[in-house]
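Line order of the protein sequences matches chains A and B.
Just so it is clear: in the first sequence, position 124 is 124 by this note's numbering, and no numbers are missing.
Just so it is clear: in the second sequence, position 202 is 202 by this note's numbering, and no numbers are missing.
Bear in mind the hints are in silico, worked out from the structure with no lab data behind them.
Predicted model only: the values in this text are computed from it and were never measured.
Honestly, I wouldn't trust all of these hints.
[Claimed, not checked] Part of the chain A face toward chain B, derived, beta carbon under 10 Å:
hint, residue
1, MET1
2, ALA47
3, HIS49
4, PRO68
5, PRO85
6, TYR95
7, ARG139
8, ARG171
[Unchecked claim] Negatives, chain A to chain B, calculated, CB over 10 Å:
hint, residue
9, GLN6
10, GLU10
11, PHE14
12, GLY60
13, VAL74
14, ALA140
15, GLU188
Think of the CB as a built atom: it goes at the ideal place given N, C-alpha and C, for glycine as much as any other residue.
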Amino acid sequence: MIALEQIAFERGGFRLEAAELIVPEGGYAAVIGPTGSGKTTLLELIAGHLAPARGTIRIGSRPMLGVPPEARGVGMVYQRHFLFPHLDVRANLGYGLRGRADRSARVTEVSELVEVRELLDRSVETLSGGERQRVALGRALAAAPSVLLLDEPLASLDPAGRRRLRTLLRRIHETEGTTVVHVTHDFEDALELAAQVAVMVSGRLVQQGKPVEVFRTPASPFVAEFIGSGNVLAGVVTADDDGMARFTTEALTLEVVDERRGRCHAMIRPEEIR
Amino acid sequence: MAASSKLSRRGRERVSILDDSKPASADPPTATAKRRTRADGGTPRIFALLAAGLALFIIGPLLKLLLLSPWSGLGDVLGDGELHAAILVTLVSASTATLLAAGLGIPLAFLLARRDFRGRPLVEGMIQIPVLIPHPVAGIALLAFLGRDTVVGGALAAIGIEVINHAVGLVVAMAFVATPIFVSAAQSAFQSIDPRLERVARTLGDTPWSAFRRITLPLARRGLAAGALVTWARAVSEFGAIVVVAYHPRVASVLIYDRLTTDGLAGAVPAASLLVLVALVVVGGLAFLNRRTG
Numbered sequence: 001m002i003a004l005e006q007i008a009f010e011r012g013g014f015r016l017e018a019a020e021l022i023v024p025e026g027g028y029a030a031v032i033g034p035t036g037s038g039k040t041t042l043l044e045l046i047a048g049h050l051a052p053a054r055g056t057i058r059i060g061s062r063p064m065l066g067v068p069p070e071a072r073g074v075g076m077v078y079q080r081h082f083l084f085p086h087l088d089v090r091a092n093l094g095y096g097l098r099g100r101a102d103r104s105a106r107v108t109e110v111s112e113l114v115e116v117r118e119l120l121d122r123s124v125e126t127l128s129g130g131e132r133q134r135v136a137l138g139r140a141l142a143a144a145p146s147v148l149l150l151d152e153p154l155a156s157l158d159p160a161g162r163r164r165l166r167t168l169l170r171r172i173h174e175t176e177g178t179t180v181v182h183v184t185h186d187f188e189d190a191l192e193l194a195a196q197v198a199v200m201v202s203g204r205l206v207q208q209g210k211p212v213e214v215f216r217t218p219a220s221p222f223v224a225e226f227i228g229s230g231n232v233l234a235g236v237v238t239a240d241d242d243g244m245a246r247f248t249t250e251a252l253t254l255e256v257v258d259e260r261r262g263r264c265h266a267m268i269r270p271e272e273i274r
Numbered sequence: 001m002a003a004s005s006k007l008s009r010r011g012r013e014r015v016s017i018l019d020d021s022k023p024a025s026a027d028p029p030t031a032t033a034k035r036r037t038r039a040d041g042g043t044p045r046i047f048a049l050l051a052a053g054l055a056l057f058i059i060g061p062l063l064k065l066l067l068l069s070p071w072s073g074l075g076d077v078l079g080d081g082e083l084h085a086a087i088l089v090t091l092v093s094a095s096t097a098t099l100l101a102a103g104l105g106i107p108l109a110f111l112l113a114r115r116d117f118r119g120r121p122l123v124e125g126m127i128q129i130p131v132l133i134p135h136p137v138a139g140i141a142l143l144a145f146l147g148r149d150t151v152v153g154g155a156l157a158a159i160g161i162e163v164i165n166h167a168v169g170l171v172v173a174m175a176f177v178a179t180p181i182f183v184s185a186a187q188s189a190f191q192s193i194d195p196r197l198e199r200v201a202r203t204l205g206d207t208p209w210s211a212f213r214r215i216t217l218p219l220a221r222r223g224l225a226a227g228a229l230v231t232w233a234r235a236v237s238e239f240g241a242i243v244v245v246a247y248h249p250r251v252a253s254v255l256i257y258d259r260l261t262t263d264g265l266a267g268a269v270p271a272a273s274l275l276v277l278v279a280l281v282v283v284g285g286l287a288f289l290n291r292r293t294g
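Just chain A, with the same shape it has in the complex:
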């Protein structure tokens, strides 16, 4: 379980405030938002690379104040994999298992899990983007962290690579039961993988809920446009003499079923047009 409460962090004029984010044990949460909204900063706060100015972070039941990254039991995968270039695939996978008697067996096990068994003796420089990302995922999973932090792991992959890694992530989450926080700017990742979504805009968590809920009832026009819920139109709702409500924009007028009146935004979903 991960719980963030009243977190505040500031650096170089950027301010992040996370009132509350709770990911249950074994849960899969997606944090989505545009570039520069603070998603990676949020992950680095959880990992312990950054310290919040105030607020509490708990992993499991342990408060993380003053706990260094190496003692938090988190694994992290960045968008650009960050494999250690001076080590081969086997050494990368076993990096976090130093001194463990079962290191070799665990490396083999993880290499099968992330489908890189045949690459174990290869230099990481010779791998494709998808292979590198799978090795990075395996490296993070090898030490069986209680929390897996994913920072846009699919963003730099081609469509086939994305599909394969998505499938892999879903399967690993089901089999390993690790709590996952997955940062992405692609709502499709959230829809396919996550049980809960938090939308981050300009350093604030502006909406949370199940992916379908966020998709169907975005909290603001920005969220609606960002997650691609549909076409967002600005207009005015007025009441007719016959009591019907009309939503009027510069280009069109629609009859609507709604109690609200005045300026507002309406969302039209292509799949609901008949």
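Position chain B against the provided structure of chain A, taking the given hints into account.
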């Protein structure tokens, strides 16, 4: 809000015919083409002329020095005990100074590369001052700080460490003028490594020290080695600070100067030529490191 009106969708299907024939440019470029591509940036011809002039300006005097050297009397040079001793003192002092520069310079360079602390630009500027001032001035500063009559010099003398006109003074003078070179090189080497590699290592169980030892240091090793080589070469070639701090025991540069003032050019050339050869070895070492890195 739900829109209840019916909208119709109009549009025409557009069909794109894709040409799957292989484009001519997909052929891999030949070696000749690659060379041509490198030259195709459009370098002004005057640059080549000026570059040739500069190369001649640098190489000319050194080549002339090597040609002046009486290589037929190489046996005499190699059998010159005084020169042997001076070269040995130079090599040992320069190597010790380089180790000192690396031992103290690596932590400072890493801090400068990774930490954004108050006063960092000041520290970065101050550390480069020994390179910017005339080297006799550096020697005078060291004399003023480490002379027998000073607090530090007196304290060192009390525990049996003599600096002025001793081998320790040589190492100190060499380290003083050469360490900034190492710090700059090491800082660049550390800055070229993405700190997120260290962060990943931390989440995999490393302490800051073990992440530095297992990730940063191996990845920076070529930059550090190149920096150490240039630092060592700078220490070998030091003269100005050494003549002020520790004229004796004589290092090669001081011996060459002595011979120039007493025996003229003919007396100084053989030993000077040997130092040029040492520099060529350093250049060869740097080229090797660059090739390995590249």
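To see whether the hints hold, each was checked on the structure:
| no. | hint | in the structure |
| --- | --- | --- |
| 1 | MET1 | 18 Å, violated |
| 2 | ALA47 | 6 Å, holds |
| 3 | HIS49 | 5 Å, holds |
| 4 | PRO68 | 7 Å, holds |
| 5 | PRO85 | 7 Å, holds |
| 6 | TYR95 | 5 Å, holds |
| 7 | ARG139 | 7 Å, holds |
| 8 | ARG171 | 22 Å, violated |
| 9 | GLN6 | 24 Å, holds |
| 10 | GLU10 | 14 Å, holds |
| 11 | PHE14 | 15 Å, holds |
| 12 | GLY60 | 16 Å, holds |
| 13 | VAL74 | 5 Å, violated |
| 14 | ALA140 | 7 Å, violated |
| 15 | GLU188 | 23 Å, holds |
Hint check: violations occur at hints 1, 8, 13 and 14; the rest are consistent with the structure.
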